[in-house]
Structure formats: structure tokens, C-alpha cells
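Put chains B, C, D, E and F on the given structure of chain A with help from the hints.
6 protein chains.
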Amino acid sequence: MRPSGRAPDQMRAITIEPRFTRHAEGSVLIGFGDTKVLVTASIEERVPPFLRGKGEGWVTAEYGMLPRATHTRGNREAAKGKQSGRTQEIQRLIGRSLRSVVDMKLLGERQIVLDCDVIQADGGTRTASISGAWVALRLAVDGLLKSGKLTTDPITQKVAAVSCGIYKGTPVLDLDYDEDSAADADGNFVLLENGNIAEAQATAEHATYDEEALLRLLRLARMGCGDIFRAQAEAVK
Amino acid sequence: MRPSGRAPDQMRAITIEPRFTRHAEGSVLIGFGDTKVLVTASIEERVPPFLRGKGEGWVTAEYGMLPRATHTRGNREAAKGKQSGRTQEIQRLIGRSLRSVVDMKLLGERQIVLDCDVIQADGGTRTASISGAWVALRLAVDGLLKSGKLTTDPITQKVAAVSCGIYKGTPVLDLDYDEDSAADADGNFVLLENGNIAEAQATAEHATYDEEALLRLLRLARMGCGDIFRAQAEAVK
Amino acid sequence: MRPSGRAPDQMRAITIEPRFTRHAEGSVLIGFGDTKVLVTASIEERVPPFLRGKGEGWVTAEYGMLPRATHTRGNREAAKGKQSGRTQEIQRLIGRSLRSVVDMKLLGERQIVLDCDVIQADGGTRTASISGAWVALRLAVDGLLKSGKLTTDPITQKVAAVSCGIYKGTPVLDLDYDEDSAADADGNFVLLENGNIAEAQATAEHATYDEEALLRLLRLARMGCGDIFRAQAEAVK
Amino acid sequence: MRPSGRAPDQMRAITIEPRFTRHAEGSVLIGFGDTKVLVTASIEERVPPFLRGKGEGWVTAEYGMLPRATHTRGNREAAKGKQSGRTQEIQRLIGRSLRSVVDMKLLGERQIVLDCDVIQADGGTRTASISGAWVALRLAVDGLLKSGKLTTDPITQKVAAVSCGIYKGTPVLDLDYDEDSAADADGNFVLLENGNIAEAQATAEHATYDEEALLRLLRLARMGCGDIFRAQAEAVK
Amino acid sequence: MRPSGRAPDQMRAITIEPRFTRHAEGSVLIGFGDTKVLVTASIEERVPPFLRGKGEGWVTAEYGMLPRATHTRGNREAAKGKQSGRTQEIQRLIGRSLRSVVDMKLLGERQIVLDCDVIQADGGTRTASISGAWVALRLAVDGLLKSGKLTTDPITQKVAAVSCGIYKGTPVLDLDYDEDSAADADGNFVLLENGNIAEAQATAEHATYDEEALLRLLRLARMGCGDIFRAQAEAVK
Amino acid sequence: MRPSGRAPDQMRAITIEPRFTRHAEGSVLIGFGDTKVLVTASIEERVPPFLRGKGEGWVTAEYGMLPRATHTRGNREAAKGKQSGRTQEIQRLIGRSLRSVVDMKLLGERQIVLDCDVIQADGGTRTASISGAWVALRLAVDGLLKSGKLTTDPITQKVAAVSCGIYKGTPVLDLDYDEDSAADADGNFVLLENGNIAEAQATAEHATYDEEALLRLLRLARMGCGDIFRAQAEAVK
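Protein sequences appear in the order of chains A, B, C, D, E and F. Counting with this note's numbering, you get residues 398 to 634 for the letters of the first sequence. Counting with this note's numbering, you get residues 398 to 634 for the letters of the second sequence. Counting with this note's numbering, you get residues 398 to 634 for the letters of the third sequence. Counting with this note's numbering, you get residues 398 to 634 for the letters of the fourth sequence. Counting with this note's numbering, you get residues 398 to 634 for the letters of the fifth sequence. Counting with this note's numbering, you get residues 398 to 634 for the letters of the sixth sequence.
Here chain A stands alone, though its shape is the one from the complex (with noise of 0.2 Å):
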């Protein structure tokens, strides 16, 4: 029994608030039930020094999490100096998972920069912020596209992310923070919509697992991804 009572094959309620702030070309609050990130997509005409006259655009992504997004106050990454191990993992896969579904090429000599803030934390604020890092994306690239800049879509399809987990022994779809703190094992999946993997990661906790258990996770995650690539299209209708 899951202790927000969800069926295990069943995610928390998708929120997606489009142009949530005004300045960012593209930006998004998404919520996966109480976990709420803030997503801004920004578009700067220029690359990283590795890129620069290769005629190529560039995808990339920071994560911070407010101090008091959780349970109990956090020290501001700001204040300590440096931002944790856990912060870099986590904005490093969620730039590499947007940049799978980007021909660069196509988007030509820019970066564009997301953004994703943790307003409030209850477990998958990584899976969130990828899935809402799709929808800041098209925004701004919807934007490149009407003013002309952009005349082909660089985005080749959609990407969303959901964790999964061995909780009590069983496999459970999307992790609130208290299945999260206890599980066995934890992972998180990062698919496209014509059913590809970008990115599959699981990882024990307190329990090792077979490969039963990983394929088994990796059909949940294909749920869960279902549902938020509905979401993800209704909010840039």
C-alpha cells in the first residue's frame, strides 16, 4: 500500500502552467502532485567557447532547489559557495535529456539555457524538471519560429522523464518523497514519445535488484511518460 494511496502504476495529478513569468522565452511551473518546479527556457545569440563557427546550437540546463522547497531548510547553494554533487548530477542529465530531441544544426549558432528551480519538493523534482524543461523549450522555440529567426523546427519530438522505484517490494510508479526516503531501489527514465530511451538509470538503495525488476520499472516509466506527453501537448496547444 503506497502512502498517498496511489495504485502502483499510477502517477500524481500533472500540473502544467504555461508563460508562468513574462521575461523568459519560454517558461512553465510544472507540477508532478506537491512537487512544483519552475521552468524558464532563455535564448542567447551565442554558444559555449567549444561550439563557437561550427554553425551548431547548444542545449543547456541549470537546477537549483529553493532553501525552504523541503522539509527542512536547506543552506542556499549561493551562501555555501558551491553548488552540491547532487546539483550537477542533476542539471547535467536534464541538459543532456533535452538535447536528445534537438537537432542542432537546425537551431543554428544560439544556446538556450533552462532553467529549472524547485519551488516545492516532494520526491522526482529531476523528472519534473525534465518534463517541464520540453514545454519551456517548444515555447521558446515557437517563439524563434514566429519572429522568423528559426524557418525548421529543431525539436524533433517530445521527451519527458518519471522516477520509479521498489517500494516494499513492490515497483512503483512516480516516488512522493515518502516512498523515496525508504525505497529499495530508485530510478529514473528519460523517454521519447515514439518509444525510445534516452536515458535509463536505477540505482539500489537499500536493496540490490534483477533484471526482472528493471524491465519491470522501465514498463512503468512508459506509463508514466504517456500521461505527461498528453500534458506536456495540451499545454502548448
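Because the hints were derived from the structure by calculation, they are not lab data. The structure presented is a predicted model; accordingly, all values stated were derived computationally and were not measured. Errors might be hidden in some of the hints.
Not everything, but these chain F residues come out facing chain D in the computed CB check (under 8 Å) [said to hold, decoys possible]:
id	residue
1	T418
2	L463
3	T467
If you anchor each label on the Cβ, the simulated ranges turn out as follows [said to hold, decoys possible]:
id	chain 1	residue 1	chain 2	residue 2	range
4	D	G482	E	P445	26 to 36 Å
5	D	G482	B	S481	42 to 52 Å
6	B	G450	F	P445	52 to 62 Å
7	A	R616	D	R619	14 to 24 Å
8	C	R616	E	G452	52 to 62 Å
9	D	R619	C	G482	54 to 64 Å
10	E	G505	C	S481	53 to 63 Å
Don't be surprised by glycine CBs; every beta carbon is placed ideally from N, CA and C.
Using the frame of chain A, we list chains B, C, D, E and F on its own:
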């Protein structure tokens, strides 16, 4: 004529959404027009080293701006590895302002941290932060009173803040970004409900000013803070 | 009664030793009583990136305190690896204050850096820094004029600063450490010789204050700055 | 055809030199072909703050790469003043992997730090680190058992890791640098001797992949880890 | 011929102003010609962690250079966020040198911190620092003796330092900046009044040197330190 | 009697394994007894900013110690976020020493970076680093000569270094850790094959020393460096 069409002594719309997030002991999303700041109040049952064992509490603040709260994206302070001088100056001001209305002996040996994170910026982020911080603090202290951890209210009165400045030769209230970036002089006033001043600051930007102008700014600030006090009272009713 | 026996409107002895060191284009050791600050002005034939190619100059300041300038030794900021919020706040104030009396177009595309290092502290280090910085700047610009690098004087007038505060209920001028650490409110006023205000700041420490008190502090500051303007004039004669 | 001429399911030569250095309680130089990692295990009779007084031990890891372990010299992280996101991600993975085979209650209130320093890099440094770390840990724990500080072995079984990826459309085992830098997708699998999975990660680099490919990579990993388990057993005999 | 016209074995004028600042337990402004260093000695009634509870004291030093002590302005180390290798090397040398004349058991469990801040630089700042630090230390310890906190003098004898180098082929004493920047080799010698050596360092800059040259430098240093010992004695009389 | 049983003028076994790693242009594992240092020489076809366009090359060094090279584990400098003063002092010494035997005009506008990483420490790591760095540099320059990038050898002669110290009253050569940690005085001498001195440093640790002792240490160093020069010649044959 102000870019927004407001009268010189007219505040922007003040919006206050109390309890915007659920983990913090107090939280609020405050808006002065398009400026939106999320403030959380976190209660910690310990005090900084210099106060240990003295039977007194402490109130402090931290301030941050999401990278794309502004027209063009700013670098994330956590990624740069340090807080700017501006950030530190603002968070020192917020902390001082709120401490001016708290009786530290009555608060007892605990600390309340006020995190002010700017979601969207359009001028006046520090004054919106102070004004919202009072609401978050009020909600957090109400919780302490309700739970019996405190029996006497340590908050002595309301505090609010507003910016005023000289724009194209005219003293105006509550500058937005367009005015702020072109003002001759601009100031921030932190006022108590009883009319006293907690902090007055007025800085020449493009032109110095005289004593009469300083007084005119202060009077505009009184008008603006009157509006804010009413909105605060409404929000915590 | 002030600890020093001074009258409420009495400055400490102002001492100014111009050309205290020999490498800097301008230098001065300024004293407000036991507060001693060494200020050097360094001319650099380049400007910060945001001004390049605009034909305008820049004036900026840095501030530091020797570890044992104070009653008890403070940690060296270079060893701690960062400047405190207080240091950054002060150096921003000094830079703004001096820029208020320089015509940047006349200065031309060069930068003058004002380094203010507190040798001995007894209250009022930021105001002594501003007052001394004007002398160092004057000497440096005199050199530019003498050498023919400048033909028109870019300094428009004198600027000086002094602290005022409310000590045991009485507004007093030029607080020393004993007063400063016990003041109800304390402020810093940066005034021009023509009577205008470049910066007014007054902060409640142990008690908030009213409008009349603010005006009284400002008038004390005018008296103190009068003395400083005379000492500056004498020093650069 | 692989650049090295290996068959798709062929590991590089595994070399393990136990007791490579003399001060550490356990040490090993492990090689996967030209990739060479020095791993030391240091026993500390204390645990991190979050575990104090709980009667449990801890195993953690740090990872570094000598500046010229690679084809072109990289900047020294100690000189840059921070560890990269990649470094932190890897050392977190190594620590988690080794903790999956240690019973922390049996280890008792002490910490074992596994330092993995890459002497020469040719792909697979993180998987060689994990595989070597098990040997260093085994040697260190053998010392604790021999000296009587432990009476029951806290290591529950062997753990090993290997990379697999899709190179020119073909799933291959144990990628070297030439393959790694051109792979469509690449993954790291951390497996226990009993067949269970401690960590599975597979990332699309130039092309996303499907479920069948994920399974094929996992099966290649099983083959590779089989070889590593045999080499580990030989090394600690 | 030396740029300054001095004879090869001639020191610059040694000036020592004891009690230059008033808060420190010992302070001095020492000059070797145009090199001016302010040294303060701060007594702290605690020792570093590695000495706690051993009944021994400690003497340590920190070194800094004001940004415009030199011909062209250097960046402030506090602003850069770290001390240079040169700074750290010098402060380690100063600390070691002074510890060589203090009996740590007699000093008791307290620490004396010697802050050496270069006000103006013209070569030899580290040797002036050491020579001045002895005076500041002497004054601080005299205070401990006078107040009865110490009954036996822990300072065993005088220590002084001077630079020597090979300039245009000739060994010379006490290099100024013009010589220092062009010297073939340059060295720093820390000598005790009884003739013993606390530290000898001689580095080839533009040309290596032979044993005879090393001895000649050492003998010049003895002459220079003789002058310094006399000036120190005069200053603390 | 030395702990190791060596005669006072006896070096430890010198072992040199050239070409220890394969990516660097020059590499060596050098051992002085149980002290083992891996040195790599990396050629970069650019020079530091201060040398650009001058037609001269540069040689520099970096030094690090693996966390468990020592008896007890030290913190990783990359994790602490800065290099210690000791590390910086050593790498400055190594760089200076090697530059004393290179003709920078003949080297041309390129830089050679010497990375010295201590794999195992037993005293004398800086002198082993210098001695090994010469071999790595020699191998790297041989490659430049062989490839025709250089036609004239810029290395003018051999350089080697060894530590000497006064242990229980007796001057001894090449201190190991047991001696080093208990020595009255200890020094490092960097000598050229032609007999000249590049650097002489001798520091009192527990007792100051006289001129005769300094000379005795220098003569021991000559004996030790003779052995090292022979081992270097053998290694690069």
C-alpha cells in the same frame, strides 16, 4: 508622465498570496505589480553562535534572484560560487528591517530565517521582500503561538518598505524597472506602522538632490506603506 | 554626555596627510580622531568591459581593514577567501559617492581606483574613506592635468561624508566606536559642497526614529562636512 | 569492427596488482587495458557526523584524474579550486556501489575511504575504479579481521562494474577511449556476484536506444563482470 | 655601481616607529629605505587545535600587501578570493623565523599572531617584515610580563633578516626594487643575534651561482643584520 | 645512527622508470627509496599571457600528493577547494629549478608543464620531483628534436635536487620521513651538473645552525646529486 501611466503617488497593485508553499512555517508570494517574490519563514530551534545561551532569539534573511527573473538572464550565484555585493547588501537590509519589529527576548532562543527569492523582477524587489517577509514571519509566529511554544507575541508591530525616487525631475512612488533604470535618485524606506523609520536610504544616481526632495520621498513612502500595511493586515486575517 | 566629552555637534580632530605613499598617483592618510585610513588613487588607462569604446571614464573603490585595526583581531579577508557583505557594501558606497562629483566624459576612457585601507579603526571608517578618497582623487587628477593628459578638470566639486547617530536619545555628530556600538540609530551622509545630498542612510539599531530625528541628523552632517571641506581644501592647496 | 580488433563481447586485459603502495590499509593498481587506476582503502576510526553514535560504519569514495592521464593535459582540479560535476558524479557512484556489498552494522563505527586516482585513462575509468575498489576494500577488511578488530566479515559479496555501449550500431563490451568518444549510447553496469544489479545507467550520446538494446548491454555487462570477479578472486587469494 | 649609489655592503636607512597603532598589543612601522611595513602583534588566549592542552604556545604570521604598495596596482587578494603562492610562502617564512627565538613552553597556552602589511614596497618586504615582527613581538611580550601574565621572558634572543643578491656580477646587501628585478640571484637570510642561522635561501634568477658566492651573500647578511639588531634594540629600549 | 641504518652520506636507492605512462610527451616514475613520484611533461604550443609574442618559451610545474601517499590520509586538495601553502611553495621551487637549465629562446614559443604527483611519500618528495622532472623534460624535448620541431637542444645541462639535514646533531644526506620529522634543521639543494647552485634552502626546525653546518649540508648535497646525475644519464640513454 510615468511609463506605466501611474500618478506620482500611486503604488502598483499589491498582491499577497499567503501560504504559497507548504513546508515552510510561513510563506507568501508577494507582488508589487510585475515584481513577484516568494518569501518563506523557517523556524530553527537554535541561534547563531554569538547568541548561544543568552535566552534571546534571532531573525535573519537571505535573498536570491532566479537567473531569469530579469529581462536578460543573469548568472546563477550558486554557479559563480559567490553572492554579489548587491545580494549581500539587500539581505542585510531585510534582516535588519524585520529585527526592528521583533522582541528577541520574547522570541526565545530560536532563529527565524526569511528566504526571499525573486521569481520575477520589475523594480522594487528588496522592498517587496521586506513587506512580504513580515507576512511570512507573522504566519510562522502565529504557528508558534497556536502550538503553545510561545505564549506572548514577540512581534511588536508591522513593518513595510517601498522605493521612491526622482524620475525626470519628479518624486515618484514605487519605481518599476523602466523608472528605476533611468531615475536621477532612488531610495528605499522601511517604515513601521506607528510612523517611525527603521531605515531611510536615498542615493543619487544621475543627479544629487536636496533636503526638500528627501522629505518629499519620505512622504511618498508613508503613503505607499499605508497601502502595504492594509494589504498585510488583509493577508494574515 | 558623550564618552569623549565632545559636544553633540563636535567633530573629532580631522587630520589629512597628503602624498603619504609614493607610488600611487594620489595618496593620503586621513584621520577622524583615532580612525586612520590610507587612501590611494590609481590611474589605469583602461575601463571596465561595460564601458569600453564609449569615451567615458570610471571611478571605483575598494575597501579593506587591516586585521588588527580593531580592538580584537579580525580574520584577514584574503585568508578567508572572500570579502564580507559589510566590506562590499562599504566599497560600493565609496565608489558611488566619488562618482557623483566626476564628469565621466571629461575624465575620458580611463579608470581611477580608490583603495581605502583602514590602518586603525575607531568608528566612521567609511565616512573617513570617502572624505579621504576625494583628496587622493584630486591629487591624481591634478597629475593628469599637469602632465597634459587632461586639459579640463573632470572633478565638479568636493564631496565629504560623516556619520551621525542617536546616542542615549541625543543626536550626535561623528560617532566614535564607543558611541557607534551603543547607538539607537546611526546614519551616514554623503554631501556635496554645494549643499546637495549624494547619499543619505539612517538605520535603526536599537530604536527606530522619527522624521524630525532624520532631519536633525542631516543638519549635524552638514556641520561636520563643512569642517571636512575646509580640511580637504587645506590639504590640496 | 572495433578499433582494437576485439570481439563485441571481449573485455580488455584485466590486470590487478594488489598492495601497490605501502601506507594504505588496502591498495591496488587495476588495469582495464591501458586504463590504470590506483585505488587505496584508508580505515578511519570515526564516521561522518550523520552517523555518530549509531553503531554503524560508512564506506565512501573520492575520485581524481592526474592532469596528464589523458591524451591532452587537463587542468588540475586542486588548482581550479573545485571538482567538476563529472568527478563528483563518479565518486558518488563508486561510493554507492561499494556500500551495496557491505553490512554497515558489522563494519562498526568506522569509515573506509576509497581513493581512486586515474594514472592513465583509456575509457572505463569509473568501472575500473569500482572493480579495483572492491579489492582494496577486501584487503583493508582482511587486515581488520586479522588484527581482531573485526570478528565477522562485513563484506557480503563481490561487486564489479563494466561499461557497455552501442558503437556503430553494435552493442559492445568495455569501451576504450576511441569507442567511447564515438558511441551512440553508453552505459555503466554495477553487478554483484549473485547476479543482482546495484546500478544500471545507459545514456544516449548520439542516438537513443530501445529496450532490447538495454537488455543486450546488460547481458554483455554480465559477461564482463564474470571475468572481473575471477580476476578479483585471484588478486586477493 | 648600484642604482641607489650605495656601497655593496651598505644597508638602506632602517627606521622603526614602535607603537604605530594603538589597539594591538605590539605594533611597529618598520622601514628599509622606501619599503614600509606595518607589523602588529595580537595576543590570543587560545592555541591552534593541534596544540590544545599541551601547555605550549604558538607564534604565527600573516602577510599582505596593500594593492597600491607597488609601482603598478596589484589586485586585492581579498577580492580575488585567495592568497597567492608568494604570499603564503612569505607568511610561512615569517612565522618559522619568529618561532626560532621563542620558547613555546614559557609562552604558555596562548598564540601571538604577527600581521605584516606592506604599506609601500621597494624590495625586501619579507625581510623587513621579519625584522619588524621581532619588535612587535617584543612589545607584546613586554606587556604580558608587565601585567604579570608571564613571569619569565619566553623570547630567547633577537632575530633579523635581510636580502642579499648578485647584481651585475657583484654580491650586494639589501636589494631595492631596481636591483631585485634585475638580479642574477637573490637570497634571504634570517639570522639570530648569536650568529646562528634560522633560515638561508638563495635562488638563481638569471644565473646560477657557486659556493663562494653563497658564502659572500651570507657574510653580507651578517653585516646587515648587525645594523638591524642595533635598530631593534634602540626601538624597544 | 640513522633509523634506516644508512651512513650519513648515503643516498637511498634511486630508481627511475622512464616512459611510465603513455600519453605524456615525457614521463617517469622516480623513487628515492620508498618515496615514489610520477612526473609527466606536457608540451603545449602556447605560452602564458605575459610571454605572448616574445618568441620565448616557458617551463612550469604543478605538484600534488595522492591523499593516501602518506602514513595517515590527508584531505584531497581538489575537495578542499584550494592548494595548501606547502603545495604552492613546492611547485614554485620545481618550476624555478627546471627553468635554470633551459634556454627559453631556443625552446621557442611553447610551454612545458611538469606535473609531479606523489604516489607514495617517505620524505624528500620535492627533491625527487625536481630530479625526476629533469628526466621527463629531457624525454619531451628529445621528442621535439626527433620530430624536427626543434633543431637545437634548449636544455643546457642536468639539474638534480636532494634534501640534507641535521639529525641528532649529525649532518645527513637524503632524509627519510623518520629523520625529516625529527630533524633539527633541514634543507633542500638544487644543483647543476657543472657544480653551480640553482637553489639553496636550509631551515631551522628544532635548532638553528651555524655556517659550518650549512657548508657541510651543501657538500653532502653535492655527493647525493652526483648519484642522481648518474641515474638520470642512465635513464635517458
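For each hint, the structure was consulted:
no., hint, in the structure
1, T418, "5 Å, holds"
2, L463, "5 Å, holds"
3, T467, "6 Å, holds"
4, D:G482 <-> E:P445: 26 to 36 Å, "34 Å, holds"
5, D:G482 <-> B:S481: 42 to 52 Å, "23 Å, violated"
6, B:G450 <-> F:P445: 52 to 62 Å, "53 Å, holds"
7, A:R616 <-> D:R619: 14 to 24 Å, "21 Å, holds"
8, C:R616 <-> E:G452: 52 to 62 Å, "59 Å, holds"
9, D:R619 <-> C:G482: 54 to 64 Å, "56 Å, holds"
10, E:G505 <-> C:S481: 53 to 63 Å, "32 Å, violated"
Violated hints for the displayed structure, listed by number in ascending order: 5 and 10.
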